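Asks: Chains as they are written, first to last, in UniProt numbering: chain G, 1 to 305; chain B, 1 to 429.
I should point out that these hints are in silico values taken from the structure, not numbers from a laboratory.
It is possible that part of the hints are untrue.
A few chain G residues that face chain B, going by a derived Cβ cut-off under 8 angstroms, partial list only [unchecked claim]:
id : residue
1  : C52
2  : L55
3  : V67
4  : L78
5  : H80
6  : K82
7  : S109
8  : A155
9  : Y244
10 : A262
11 : R265
These numbers come from a predicted model, not from an experiment.
We put the beta carbon where it would ideally sit given N, CA and C, even for glycine.
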Amino acid sequence: MSACCPACGTTVLAGEAFCEQCGQDLAAAGHSGSCTACGSAAVGSDGYCENCGMLQPTGRDHAETEVETSAGVTDRGLRHSKNEDAMALVTAGPGTVIGVVCDGVSTSSRPEEASQAAADMAALTLAKRIAEGEDAATATREAVAMAARAVAAAARPGEDAPACTYVSAVAAGRHVTVAWVGDSRAYWLGAHPALLTEDDAAPGTHMLTAWLGADAGEVVPHVREFTTDGPGLVLLCSDGLWNYYPEPEALAAAALDDTPVAAARRLVRMANDAGGQDNITVVLIPFGQGDAGDATVAFPKERSG
Amino acid sequence: MADFTIRVDQNKYLPAGSQEVHGIVTAEASGPVGAAPAADAAEVIIVDTSGSMSYGKINDARKAAQAAIDTLRDGVFFAVIAGNHQAEVIYPGHGGLAPATPQTRYESKQAVAQLRADGGTAMGRWLRRAADLFSAHQMAHPDAIKHAILLTDGKNEHESAPEFDANLAYSAGKFVCDCRGVGTDWVVAEVRRIGSTLLGSVMDVRRPEELADDFRAMTEAAMGKTVADVALRIWTPRSATLNFVKQVSPALEDLTGRRTDVDALTGDYPTGAWGGETREYHISVRVPPGQVGQEMRAGLVKLVVPQTGQVLASGNILALWSDDPALSTRLNPRVAHYTGQQELASLIQEGLQARNDGDIETATARLGKARGIAERAGNDETARLLDKVVDIDPATGTARLKRVVDKADEIALDTRSVRTVRMRKDPES
């Protein structure tokens, strides 16, 4: 009998105390391999109870991550059976933080695999290229291309190709490089909050006009670079948040007076309180810290390039 | 061995509290169509030699049996049974099956040429004799694909109903039997019961001279089977109920009552032998009501070789409760199509029954409605046959029964009512 590690999804055997893949303490996670619905010990490696059939919650249902002062929170929401969003938050050398949020397209096959593969691959590529001295915009384009390839490679014959959206931010010093494909968003939350992305979707709908996937053709990300002269937060989020709170001002009001992890949790809770119709992912990267003294805030300024 | 795949078409989204889950399982076997080793195939040809077969029909039956013998690959084991109120193995003489060689083909065709029409009809005894031949063969050839062809032209009059039932039950699972009725004196329901129990097809053959081609085609199809016994293995959750399991393509066959329990939650449903082919099954499960956001596996469907437990393919039937009516009220087109095909078959069978019972009103209503469904769903042959039984006023759509109906047309309509068409437009392709 086997079950899944709640943290990374790797198959673990009954009786194992720790996940061989990621080291998660299986007992501490409250994961004994028994069904959360009927208590049966028989849960298949695919996550369905072999007695009552219920799909078991996984570690992705709610996950939090903190890297230096940045934080990310992802949540299944209230109405979806699994979390098809994925996030990655890593550093690349001192003062450089990389955040990625991907939202699996529910109508595609295995969207949760697509989003995880894309987020992991993009973060890895960005960290590596930036550590090698590549500029953020070039590294970002490469990261999107690699993520697109990873998602396309997951396609299997005879099913709809797995697909996901993409948004990333590289925050270094006073510069932020944002890229996106689809309708996951980046916001600047500061004295003058602003939306930094323009959805790849038919206006007023969730009909995507661009995505990552084998059926997406060549993916050309939007890449924009900004500088700031004041402190604030870069917010990356899936539409599970912005469907309820699209206005930058409302997001800024909820996020600015707290630590990033507390603010991320609050934003997720707000989306769930508003209905939680979709998966919710929030990544907050503090930005422009220490420059508060200089500031008459004139942000965002878009630079070509 | 062939490669098997399973695909499940369904709308997994259910409104909160809803409990009915439907899925269409498409099972496809592809890959090396090279056919099984000849020695692993066994064929028994059963020819009705009752008195009614005289006046020419026996001559066409002889030719048909000879055509089937000519179609056997070298090395395939075979026998020929002549059936009337008894069953006689006319070839080979030693109580077993003979391997096909030029010599045995010649000898068996000589024996067939001697067939005479005489006596009554007791199909259950013919089947029991075939079952015994296959059982004996099975000892030395456990993986053999066992297939029979049964030809009849009449009613099963010379064995009691309990004896027929016992003989049929005795034969079930021992071989697959394709049945053919020739002429207009056989009873569709009777022969359909044989075909259903023995997992074979049933077709009408209007003119005796068409038998030879038909026997050749049937034998060729049997020679194309590569896997002897495959079962549909279905797991359902503990508190769920399996409403029904029906084959819906290429023909309707209710398998619900054919379950063999594997364990408390799992049962096997027989599907017989497979070659390179596609079959579809409609499975309905009643699950306990779930909360919005919960996902459940309502069914795990596998194709297995029951003897070894080897799993050839598998697929999930899911239930996911949603409060989005746009998702939960959507009809899966394939489920809708085969629900319509089942309704069409019922309307035809009920309509013909009512017509024979003299209930013109019911017959007209059922057959008229069937004509409309047949046209919309693309059942062109069925629509053509219905046109021989009912007239539809093109202006008003009003149906009227024809006064004179060729008995052969009525038999054809009844026989073929269970044959379905696949979806006209496949939204996924």
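Asks: In ascending order, which of the hints set out earlier in this document are inconsistent with the structure?
Replies: 3, 7, 8, 9, 10, 11
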